[in-house]
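Q: One letter stands for each residue in the lines below.
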Amino acid sequence: MAVGKNLREDPQVLIQAINEICLELDTIRLMEVCGTHTVSLFRSGVRSLLPANLRLVSGPGCPVCVTSQGYIDAAIDATRLDNVTLCTYGDMLRVPGRAGSLESRRAEGAAIEICYSIRDALRYAGANKDRQVIFLSVGFETTAPAAAQAVLEAEQKDLQNFTILSGHKLVMPALGALLASGDMPIDGFLLPGHVSVIIGSDAYADLVDVHAKCCAVAGFEPLQMLSAIRALAAQLRHGTPRLENVYGVAVSGAGNRHALSSLDRVFDEADTVWRAMGTIPLSGLELKDEFGRFDARKRFGLTIGDDYDPPGCRCGEVIQGRLDPPDCALFGAECTHEQPIGPCMVSGEGTCAAWYRYGPAKTQGGRP
Amino acid sequence: MCLAVPGKIVSRAPDGADLPLGTVDFQGSRVEVSFALVPDAAVGDWVLVHAGFAITLLDEAEARETWHYLEEAGLVESFPESDS
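Chains A and B, in that order, are what the protein sequence lines are.
Residue 406 in our numbering is what sits at position 144 of the first sequence, and the numbering runs on without skipping anything.
Residue 366 in our numbering is what sits at position 19 of the second sequence, and the numbering runs on without skipping anything.
Everything labelled a hint here was simulated from the structure, so no lab data went into it.
Hints are supplied without guarantee of correctness; some may be wrong.
[As the list claims (entries may be wrong)] Derived, one-sided and incomplete: chain B residues facing chain A with beta-carbon distance under 10 Å: (1) LEU350; (2) ASP372; (3) GLY375; (4) VAL378; (5) GLU379; (6) SER381; (7) ALA389; (8) VAL390; (9) HIS397; (10) ILE402; (11) LEU405; (12) GLU412; (13) HIS415; (14) TYR416; (15) LEU417.
Glycine included, each C-beta is placed from N, C-alpha and C at the ideal position.
I would like the entire structure built from these sequences, with the hints used as guidance.
A: What follows is the structure in structure tokens.
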């Protein structure tokens with residue numbers, strides 16, 4: 263595990279502190295909200311160094327994993343429209359729809375472009391005026407401001423052939439919905455670093471003030487995650503839930519006001535379907551009416567159909583922290599990274615993909 | 348998907364240009380980045396970049412630590428090279 267040159271703390275010291283604190287606690291359950299944390303905890307080896315009574319459960323912070331089946335199916339349908347080129351982040355390509363995936367559609371000859379940035383899609387639209395570009399705009403608050411800026415750029419350039427299909431989602435409403443459901447024995451939250459760059463750490467106040475949960479905002483490096491976990495364990499030990507920000511170099515209380523005002527300018531909050539969680543009020547972003555001509559649903563009459571889970575798929579429980587992947591009957595058998603059934607196995611940040619790739623050797627931490 | 352990578356700004360369109368674009372260097376890979384969300388970013392600053400947009404300034408020491416971790420963890424893929 264890398265030790266930073268600017269030695270804030272020694273990781274060994276942090277691990278020891280976590281272990282010592284946890285000796286004085288019963289089982290504690292921390293939710294790693296963000297898929298990037300899930301992967302980082304495995305990759306870095308941090309997970310395997312944690313005491314057995316510190317359970318880490320996954321949260322709904324994987325944009326691809328929480329995208330509803332209806333959205334995927336609408337995207338696949340869109341590839342059949344005349345002159346349409348679908349542009350998407352790479353993660354969406356292999357998510358299975360009701361019939362096939364974007365990857366299989368591409369193999370059948372559908373025009374699908376992988377983008378690192380939504381600006382790649384803007385460039386494509388500018389260079390291919392005979393094509394109608396639909397961008398699959400998914401992601402949380404880290405990514406939504408980029409989409410807002412892209413729509414403003416499309417407006418500035420008066421692009422006639424660029425639309426987005428918004429699947430953007432918001433983190434706090436989802437956490438609120440999970441806590442409101444009442445049957446989640448979560449003691450604390452490891453909060454996502456880059457969402458927090460945008461929304462600011464103040465955005466999580468209700469988790470402490472209303473729900474009395476321990477909270478720590480962290481980046482994705484091992485020292486960051488260890489500092490946050492130590493902070494959470496200490497809060498629990500002392501019975502003092504509060505919000506700590508160990509990623510102060512990047513995260514402020516108020517967040518990135520340019521990004522937030524971009525969102526306000528371009529999007530409205532909307533009730534949105536989360537995979538297997540149903541509709542969560544005001545948890546998603548839809549384009550404002552004034553930007554309707556950049557809305558793929560309006561331009562092409564696309565409808566987002568009902569949610570649908572492949573038989574036996576338990577991704578919904580996984581993303582709510584109710585199930586560890588190995589406890590799903592399909593895990594490692596019918597559902598593998600090579601032949602995924604649900605989005606948690608497909609996505610680079612999916613919990614099931616992380617457990618599958620890193621194997622039992624690194625999952626020991628936190629399992630009773 | 349929330350991965351954001353630190354890099355150093357090596358060029359920026361002048362004020363008054365249509366779009367606040369520039370080039371960020373990621374340990375040798377140069378990529379066009381929008382500074383719409385961090386409009387005060389200047390050449391020589393380090394920024395965290397997510398999906399083609401800078402999302403915050405970062406100090407150099409922190410940026411280098413983050414880069415080392417990403418490299419060791421194999422989380423940094425090769426960036427699409429900019430045409431510019």
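Q: Run every hint past the structure and note whether it holds.
A: Okay, the hints, checked on the actual structure:
no., hint, result
1, LEU350, "holds, 6 Å"
2, ASP372, "violated, 16 Å"
3, GLY375, "violated, 17 Å"
4, VAL378, "holds, 8 Å"
5, GLU379, "holds, 8 Å"
6, SER381, "holds, 6 Å"
7, ALA389, "violated, 15 Å"
8, VAL390, "violated, 19 Å"
9, HIS397, "holds, 6 Å"
10, ILE402, "holds, 5 Å"
11, LEU405, "holds, 6 Å"
12, GLU412, "holds, 4 Å"
13, HIS415, "holds, 6 Å"
14, TYR416, "holds, 4 Å"
15, LEU417, "holds, 8 Å"
When each numbered hint is compared with the structure, violations occur for hints 2, 3, 7 and 8.
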